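Construct the complete structure from the given sequences, taking the supplied hints into account.
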Amino acid sequence: MSLQLFSFLLAGLIVLTGALGVVFARNPVHAALFLIQTLFGVAVEFLVVEAHFLAAIQVIVYAGAIVILFLFVIMLLGVDTAENLRVDPLVGQRFAAIITGGAILGLLLAVINSVDGVTGNPASLRAVDQNSITGETIPNINQLAETVFTTHVFAFEVTGLLLTVAVVGAVVMARRIPGALQPLPDIPALGGSDDEDSDVDADVEDVDVAGEA
Amino acid sequence: MILAQQQYLSDFDWTSWDPVFLVVKVVLVFSMLLVSVMLMVWFERKVVSDMQNRIGPNVAGPWGILQTLADGIKLFFKEDLTPDGADKFVFKLSPYLSLIPAFLMFAVVPIGGNFRDGNDGSVEIFGHTTFLQLVDPPMGILLFLAMSGLGIYGVMLAGWSSGSKYPLLGSVRASAQMVSYEAALGLSLAAVFLTSGSLSTNEIVASQVDGRFGIGGWNVFSLGFIPFVVFLIAGTAELNRPPFDLVEAEQELVGGFHTEYSSLRFSLFFLAEFMNVVTMAAIIVTLFFGGPDGPILTSTFGFVWPILWFFLKVLVFLFIFVWFRATLPRLRYDQLMDLGWKVLIPFSLGWFLILAAIRVGQNEGWNLWIVIPVGITVMGLGAGLLTAAIRNARANRSNADFVEEYG
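Protein sequences, first through last, are from chains A and B.
Read left to right, the first sequence gives residues 0 to 212 (numbering that gives the first Met the number 0).
Read left to right, the second sequence gives residues 0 to 406 (numbering that gives the first Met the number 0).
Sample of chain A residues at the chain B side, in silico, Cβ under 8 angstroms:
#1 Val28
#2 Ala54
#3 Ala55
#4 Ile59
#5 Ala64
#6 Leu70
#7 Ile140
Some but not every residue of chain B turned toward chain A, in silico, with C-beta under 10 angstroms:
#8 Val89
#9 Leu144
#10 Met146
#11 Ser147
#12 Gly148
#13 Ser160
#14 Leu167
#15 Val171
#16 Ala175
#17 Met177
#18 Gly185
#19 Leu198
FYI, nobody ran anything at the bench for these hints, they're computed from the structure.
All values reported here derive from a predicted model rather than from experimental measurement.
Don't be surprised by glycine CBs; every beta carbon is placed ideally from N, CA and C.
Have a look at this one:
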C-alpha cells in the first residue's frame, strides 16, 4: 500500500468518525469538537492530493475561526448541556433532514459517477503543476492565485462584497437607536407591589439629573 | 512535503534512508524545544529578578539553571485533580490540544544553512542533502497561522470543561483576544508574502539576503518597520504575555483558564506557553530578520555560523519579551480590543496597500516619487475618516447611554 493511499484512508476514517460524532453527540460542545475533527481530516485529504494551500486555508478559516465562533455562541448562550434526542424541537424537521440528506447523497454519487479521472494518481497530480508548453513546474498556490485574480476575479470580488454586506448588516442590527426602543409594558399578573418600587427608583434618578444640571 | 526537498508525498521512499533522517530530525527539534523551554523559564526569572533588584533562582545548579528541572519534577509528583463539575474527557484532552500545535509550529523554522552567494540554505550531512528545518511545505508559514489558530482550542476548552466560572471567563477573554489579534498577525504576514513572493519559509529567508550593507534586504528594513512592529505587538498578544495577559490576570481571575488544573496537566499548559514564546521569537527572526542570515566569518565549520546567528537573534527577541513583562503594566480589556481592532488592523491593512501600490508601480514603471506620496496621502485620509467615525460613534454611544439612564 502506498503512503498516499494509506494517508487517504486514514484521513477518510477521521472525517467519517468526526461526521458521525457531530450527528450523534448529545452535548453541543462535543459535537463542535467532532466538527473540528472532520474539518481537520478534510485538510489532510487536501494534503494527500497536494493541495497545500487549500489545506492550510481549511484549517485557518474553518477550524481556526468559524468553529471558534460556534463554540462562543454555544458557551455564552448557555446551551452547552446535553440534549434529549428523542424530542423533535421543530415538527417535521427530522423528516425534512432525511429527504435533504438523501438528495445531497444522490447528487454527490451522480457527480462521482460522471467524473472518471478522480484517481489520486500522483502522475496526474504532478501534471497539474507542470506547464504543458514549457514543462516548468508551477506550484498550485501560484496557479490558484492566478485563476482567482484573473479568470474568476468578478466572482471573487462579489463574494468579498457579500461578506462586507453581512458585516455591515450585523453592525446595523446591533446598533441602538436612541429613543426608538420603548420599555416593555407591565404585565398585570406580575405587577402590583413592583410598581411602587419602580416609582421610587424613577424619583431618585430624577433627583440625580437635577443635581447634575 | 515530508523531507525538506521532497515536495510530493508520492516521492517519499520507504526503502531509502529518508525515514531514518526524518525521525532523527523530529527527535532533534522536539528535544531542542524542550531544552529551550527549560532555559527560557530560567532566563525569564533571572532577567526579571535582575530588573527588580532581586537575585532570583540561585540554588539548583550553577546560577540556578536547573531550577526549571526541579520545578518540573515537583509538578510530576503532585496530586492530579479533576473537578467534580468538569467535563472529564474534554478536561483531559485540552492540555494536549495546546501542546501539539506548539510543537508543530516550530517545524517550518529554518535554524541554519548558508543562504548567501546563491546558496539555497541546504547542507550535506552524511551524504544526505537537506535544509536545516524539519519540513519545508509549500504552504510554509501558513502552517504557523493554522497551528496558532488550533492552539486557541486548548485554552478555550480548558476553561469551559473546568466547570467553573473563573476559568470560563479567562478562556472567553483568551479566545476573543487571540482571534482578534490573529487578523493583525495575518495582515502583517501578507506584507512579507508580497516581497518574498512565496509562502515557504526557506524562500522567505532566501529573499532577504544579499541586500545593501548585508542586512538591507531584511524585511524589517525593506518593508519599512510597520509590519514588524505590528507583528511584534500582535504576536505578544497572541502569546497572552504581558502587557496582554488579561487571560490570567491574577487579581481578577485567580489563574485564568488553567485555574482548575494541577500537576502534569498544568505543566503541559506551561510548557506549551513557553514553547510558543520561543517559536514566536524564531518566527519573527525568520520573517523579518533574515533568519540564519549573517556574515560567515570563517570557512572551516562554516555551517556553524548561520546557526549561531539564528540563536543570537532569537535570544534578542526572547529578551525583549521578558523586558515587556518586567516593564509594561497590563492593559484594560476595552483598551486591548481597541488597540487590536481600531489601530493595528487598519494600520497594517493601509501599510499593506501602500506596499502593494509600490510593487505595482515598480512593475509598471511608474514614478515612485509620485506613487509613494499619493499612497501616504490616501492612507492619511483613510485614517482621518476612521478616527472621525470612531469619535462620532463614541459620542453617539455616550449620548444614548445618557438618554437611556436619565431619560
